[in-house]
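Trainee: Since chain A is already given, all that's left is putting chain B on it; use the hints.
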Amino acid sequence: MTRILIALIFNLSFVSLAFAQSTEAPDRNSTGGAQTLEDIMARQRGEEVDNSFRSEATGDAASAAEISKQLGTLGGNSDPELWRALRFGLADITASNSGPAAEVLIQDGGMRWLNLRSGPLIKYGGGLLLWMIGLLGLFYLIRGRIKIDGKKTGNKITRFKAAERFAHWLLAGSFLLLGATGLITLMGRKFLIPAFGHEAFSVLAIGSKWIHNNVSWAFIIALVLIFVFWVVDNIPHRSDINWLVKGGGIFSRGHPPAKKFNAGQKLIFWSVIVLGSSISVSGVSLLFPFQFEMFAATFVKVNATGLGAYLGFGELREVLAPHEEMQYSQLWHSIVSFVLMAIILAHIYIGSLGMEGAYDAMGSGEVEEQWAREHHSLWVEEVLGPQVPNATAAAAKKPTAPNASAKISKKSTIMKSARSSEVKHKKATDPKSAKSAPTKTTANKTTAAKPKKPANDT
Amino acid sequence: MKSMFAAFFAILAIAIGANLFLSQAGFSSQERTSSSAVRLDP
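Going line by line, the protein sequences match chains A and B.
My numbering numbers the first residue of the first sequence as 1 and each following residue consecutively.
My numbering numbers the first residue of the second sequence as 459 and each following residue consecutively.
Just so you know, the hints here were simulated from the structure itself, not pulled from any lab data.
These numbers were taken from a predicted model, which means no experiment stands behind them.
Hints should not be assumed to be uniformly reliable.
As the list claims (entries may be wrong) - With the C-beta cut set under 8 Å, the calculated list includes, among others, these residues of chain A facing chain B:
hint: 1; residue: Ser98
hint: 2; residue: Phe166
hint: 3; residue: Trp217
Glycine included, C-beta positions come from ideal geometry on N, C-alpha and C.
Only chain A is shown next, with the shape it has when bound in the complex:
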C-alpha cells in the first residue's frame, strides 16, 4: 500500500512538472540559457517546444569583440550561435552555386516531410487504393456484371468520335503510366529495394523518373482535350438529381434516365478535371524546382480567410524555405493523385469488367442501341428522336427496302422495352424533349441511314 502511494505521488509530481512546463517558461539557469535535458526530452516526445530561446540567440554583431580579442574572429558570435543561425535560416550565407536552395544549409522542415512521405503517405495512400480494389471486388461478388436487361437490337449508335476516343486514351494511357511510375518512386524504397536490391531498383527508378517527367505532358494535353470535348455535356442537369437519388440504378432493376453522361460520369469527369489540374500544377512546380512559390502564397490567402484556424491547423506559416515549397508540392501531388487513382479504379472497373457493353463506347465508339436506351435514354432520344408509339404501324404501311420489316421489328422491340423503362416517364414529364423532337428527326435519319451491323443477339 505504501509502495502504491509512493508511486502515485511520484507520478503526480511528474504531472505537476509537465503542467508547470507547459504553462511557465522553463528555468534554464543551470545550462546558462541553453536547452536543458527536459527541452530535449519534450522534443523527443513530439511535444511543441518554444524554440525562440534558441532561434533568437544567434549572437550580436554590434557587440563584437575586436578581431584581436577572444571570439573576435567570429564577428561577435560563438560557434553555437553561428550554428543556431544556420539551423534557423538566419545566417548570412554566400554560396558558390546559384539558385534559391543553395543558401539554405540546414532545412528545418525536411525531416517532418521525410517522415510524412515515408510513413503516413504510403500507409494511407496505399491503403486507399487497396480499399478501393477490395470494395470493387466485393461489389462484383454481390452485384456481378451489370448486364443489358433488354434484348439486344444489333443496332449500333455512335457514342464517341475517333478524336474523343483518342483524347480519352491519351489521358488514360498517360495516367496509368504516371500512376505506376509515381507509385514506384514513392514506394520503391520501402517495398522494391528489400525485394530486388539497390541496383535493380536503380534502373527501375531512373526509368520511372524519365517516364514520369516526360509523359506528364501527354497527360496535361489530354486533360485540355477532354475538357474541350466534353465540358458541355457534363454541365449538371436536373435529371442528375433523380439519377443520384436512385443511385444510378445499381442495386435496382431499370436505370434512371440520363443524358450523354449520367451523374456518376459527370462526377468522374469533374474529378478528373479538378484533381487532374491540381496534380498538373503541382507536378509542373516539381519539374521546375524552386521556380514557383505556390504554397506560401496559398497559406497567406488561407490565413486571411481564417480557414486554417477553423480547421485546427492554426496560423499557417507564410514564409517557407525553398525546399519546403517543393516538399509541400510533393505531398500535395501525391495525396491528390492517390484520391484520383482511387476514383479512376472505380471508373476502369465499371467501364470494363463491371458493365456489359460499356467498353464499346471507348473501344469502337459504337454502342449497342439497347445498352444506350437503358443507360442514357435521354441521350438516345436526342440522337434518334423520341419514339412514336404508332411508328411501327406507319412504317409497316410503306416498306421501301427488303430489310425494312426487320428494322421495324427491331424498333417494335425497342419500344416495348422503352415502355417498361423510365424513358416513357421522362418523355411525359419533360416538355423540353418533346419540343426538341422535330428538330432531332434529321439526326435520326442520318444515324439510321448508317449501315447497321448484323444482329449479334446471343
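Mentor: Below, chain B alone, put in the same frame as chain A:
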C-alpha cells in the same frame, strides 16, 4: 482500337519530344544550380 493505339503512340512521341525539348531548354539541375564560373559538360 485505332484511336487507342494512336493515342499510345502519341504518348510515346510527346514523351520523346518533351525530353528533347527540356534537355535543350536550360532547366537541367546542373544548369540551374551552377554559377557562371562553372564549365558544364556539353
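Trainee: Does each hint hold? Answer for all of them.
Mentor: We went through each hint and held it up to the structure:
Given the 8 Å rule on beta carbons, the hint for A/Ser98 holds: about 5 Å separates it from the nearest Cβ of chain B. Taking 8 Å as the C-beta contact cut-off toward chain B, the hint placing A/Phe166 at the interface holds, the least distance being around 4 Å. A hinted interface residue such as A/Trp217 counts as satisfied when its beta carbon comes closer than 8 Å to some beta carbon of chain B; here the least separation is about 5 Å, so the hint holds.
In the structure shown, no violation is registered for any of the earlier numbered hints.
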